[in-house]
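Student: Hey, can you work out the whole structure from these sequences and the hints?
Residue numbers (the working numbering), protein chains in the order written: chain Y, 81 to 600; chain L, 72 to 244.
Bear in mind the hints are in silico, worked out from the structure with no lab data behind them. These numbers were taken from a predicted model, which means no experiment stands behind them. Glycine included, every Cβ here is placed at the ideal spot set by N, Cα and C. It cannot be assumed that every hint is accurate.
[Stated by the list, open to error] Listed next, the stretches of chain L that the computed footprint assigns to chain Y, with coverage defined by at least 3 CB atoms under 8 Å from CB atoms of chain Y:
id: 1; segment: 120-133
id: 2; segment: 138-146
id: 3; segment: 157-171
id: 4; segment: 181-187
id: 5; segment: 201-213
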Amino acid sequence: MAEKIYDVVIVGSGAAGGTLAAHLARSGADVCVVEGGPKVNTRTDFNTHSLPHEFPNRHIPTMKPGKPGFDSERSRGLGGKTMLWNAVAWRFSQRDFKGRSHDGAGEDWPLAYADMAPWYDKIEREVGVCGNLDGLEDLPDGVFLPPVPMKCSDLIVKRGAAKLGVKVIHVRKSTLTQARGPRPGCHFCGNCMAGCDVVAKYNSYDVHMVPALRTGKLTLQPDSVVREVMVDANNRATGVRYLNRVTKAEGEVKGKTVIIAAACVQSIALLMMSKSARYPTGLANSSGHLGKDFIPHFTGGVQCFLKDLIGKPTTNDEGFLDHAYVPSFMHNRKRDYARSFGVQFNYQNRRATGWARDVAGFGASYKEAVKARFPAFLTFAPYGEMLPHAGTYVELDYEKKDQFGLPLAKRVLGWSDHDMTLFREMTRWSKDILEASGAEIFAVGEKPQTNHELGGARMGSDPKRSVVNAYCQTHDVPNLFVVDGSVFPSASEKNPTHTIMALAARTADHIAQRAKRGEL
Amino acid sequence: MLTDNQPIEATQDRRENLKIIGAISATCAFPFSAGELYGQHEHPAAAAQAALPKPSFFSAAEMAQITRIADLIIPATDTPGALAAGVPAYIDYVCQRNEALAKTVREGLAALKGPADVATLEQLQAAQSPFFKAIKNLTADGYYTSKIGLLDELVYKGNQVLAEFPSCTIPEH
Ligand SMILES: Cc1cc2nc3c(=O)[nH]c(=O)nc-3n(C[C@H](O)[C@H](O)[C@H](O)COP(=O)(O)OP(=O)(O)OC[C@H]3O[C@@H](n4cnc5c(N)ncnc54)[C@H](O)[C@@H]3O)c2cc1C
Ligand code: SF4
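Tutor: Spelled out as structure tokens, the structure:
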């Protein structure tokens with residue numbers, strides 16, 4: 081029997097891979113998704129509704145006993161991190177795509193908001209995103225389901241922020257607030273980041289890939305950790321080589337087009353692992369930029385107790401996690417740093433009580449103080465945008481291997497003066513907003529922590545300064561694409577996944593159009 | 072073949088979907104069904120607390136000291152305290168698996184030379200003793216993650232199915 085050659089082979093099945101798979105299969109292409117992790121069932125496999133006391137060490141494991149998955153960055157499972165994400169979904173604005181033009185630092189994207197708007201529309205219509213129409217220039221509105229009401233604590237912060245001229249809006253999430261198709265609306269259990277077992281929250285497996293299986297065009301191949309992209313003598317990608325997650329046996333999947341969607345750092349790592357005589361520092365790295373321009377979001381954090389809620393009876397308000405957001409407000413104000421920050425807040429799950437350690441004292445008064453503060457606890461997490469600089473990059477560590485014997489990806493973080501200025505400013509603003517809201521400030525994060533990983537295989541029109549073009553196609557290998565956060569030339573301060581999905585839809589369409597014209 | 076601009080849900084059986092939606096709004100409880108249907112469901116009542124093994128790491132004398140200190144940090148008041156929540160066994164369990172923590176606790180207990188009282192703990196706290204921090208962290212963790220601590224003492228109410236999100240009822244915002 082002749083070996084199957086797919087039209088498209090996709091590495092990774094998360095937000096990017098799942099969206100690509102559904103869109104390409106629906107366009108009629110024969111698609112194979114190669115995912116390092118196992119098939120996981122969001123209804124039965126995650127510890128969605130557990131409480132800490134059910135485990136001797138009081139840590140809730142991600143998966144139920146005997147259910148594999150999420151044991152390494154290369155073997156999470158079908159659906160990738162969308163199984164566990166918090167679903168906050170923003171459109172980037174024109175300013176986000178044109179950061180350099182706006183404040184003279186970093187990079188512009190080689191595309192504009194107008195290029196992306198139709199793809200945001202399409203994703204919102206497909207998966208269901210809830211939110212309020214706020215009419216903000218810097219946070220474009222979309223096609224939204226109704227938002228969820230704010231919590232008491234949100235309204236207190238909203239009132240405090242208003243005193244400083246800062247807006248608080250309803251959060252927007254890829255979570256259904258009304259039933260749609262086979263998916264019910266959110267039922268406010270509050271366990272979104274432990275796997276939504278009714279799929280009210282978007283995950284790429286149930287919402288994108290499962291329905292696309294009906295086209296008969298989609299093949300899912302879990303448990304296959306890709307170690308190399310194969311390239312022939314004519315500089316064309318021919319498929320991928322993988323290791324079975326369990327047996328470690330080698331195998332190959334062949335395709336006419338290869339898309340890497342393994343989540344930023346792992347996509348960079350896979351290109352680096354696919355080095356050859358022609359590409360000695362990593363596949364598609366003629367620019368030398370692979371791994372550079374790594375610009376993860378960084379967060380600070382302030383924990384506080386809202387005085388208005390201290391000693392009040394507890395309420396059940398953690399469902400859907402965060403309901404509100406502080407959109408960027410500094411981008412148009414005088415400031416001594418480039419870019420800006422936004423604040424995600426009040427997304428703590430109340431079953432996490434680690435803060436009780438640090439309430440002062442002991443004895444009956446301590447016990448009383450903790451109890452009184454339980455309903456008033458609130459976390460405030462500003463997210464800032466990093467500018468690319470030489471000190472922050474991704475590389476492979478050939479000294480350290482993972483369970484598959486593959487080199488570990490290493491993030492090198494050299495905080496620049498710019499990063500630190502922005503970090504101090506967003507922390508100061510966070511404290512000011514909380515103080516204006518009548519908060520007892522409890523703990524303040526002293527060091528920036530990285531979050532959403534972005535950059536490292538950036539998009540650009542100049543092949544000497546970037547790895548992929550505006551259609552996520554590598555400049556070096558015409559039938560090789562990279563689609564995920566790694567291609568972001570600038571990061572925005574907004575959570576990235578909605579933009580990753582819109583880019584995936586746009587890239588899928590581009591590939592389908594070119595296939596129709598016989599160009600691939 | 073499906074066209075590109077069709078919403079994904081449109082490819083599913085409409086009538087079947089309506090049936091499910093009806094079931095949800097009627098009872099807000101819908102058992103998982105086969106295939107690809109997702110439904111609302113009842114959440115089970117909170118499970119029992121996981122049993123901890125009989126303490127085997129610390130000596131009987133050390134366990135007596137730990138028990139006394141945990142009781143001083145989170146005493147029984149009008150609600151149960153650290154001892155009712157099984158905190159000493161939790162501390163033994165965690166220290167058995169964390170060498171550095173075990174060392175701090177062990178050395179601290181040895182330095183006490185006997186049972187602690189409120190005054191000793193106050194001194195240790197004022198001196199920012201790493202031992203005091205360690206044993207307080209362990210006691211707080213053990214208590215507030217226990218079933219008694221989270222559900223009875225703090226009155227945690229989450230992890231439930233709500234038909235809709237209740238708007239804020241605290242007046243005057
Ligand atoms: C707890 C949590 C909360 C989050 N909340 C938000 C949020 O509110 N809003 C937001 O925008 N973002 C959020 N994120 C981030 C979001 O999940 C990611 O941005 C998004 O999933 C990225 O999509 P992706 O397809 O690039 O990667 P992923 O979803 O991570 O998928 C990549 C897949 O590739 C697989 N893979 C990796 N290497 C290999 C290999 N060598 N071979 C085969 N397979 C491989 C992995 O196993 C994985 O399944 C959150 C993330 C977490 C963990
Ligand atoms: S709160 Fe809503 S979205 Fe989150 S896990 Fe529960 S049902 Fe799913």
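Student: Within the assertion that chain Y covers the segment 120-133 of chain L, do at least three residues meet a Cβ-to-Cβ distance smaller than 8 Å?
Tutor: holds (count 5)
Student: For the segment 157-171 of chain L, do three or more residues have a beta carbon lying closer than 8 Å to a beta carbon of chain Y?
Tutor: holds (count 4)
Student: How does the segment 201-213 of chain L fare against chain Y when you require at least three residues with a CB closer than 8 Å, holds or violated?
Tutor: holds (count 5)
Student: Examine the segment 181-187 of chain L for residues whose CB is less than 8 Å from any CB of chain Y, and state whether their number is three or more.
Tutor: violated (count 0)
Student: Mind checking, does the segment 138-146 of chain L have 3 or more residues with a CB under 8 Å from chain Y?
Tutor: Since three or more residues must qualify, the claim that chain Y covers the segment 138-146 of chain L holds, with 4 doing so at under 8 Å.
Hint 4 from the list above is the single one not met by this structure.
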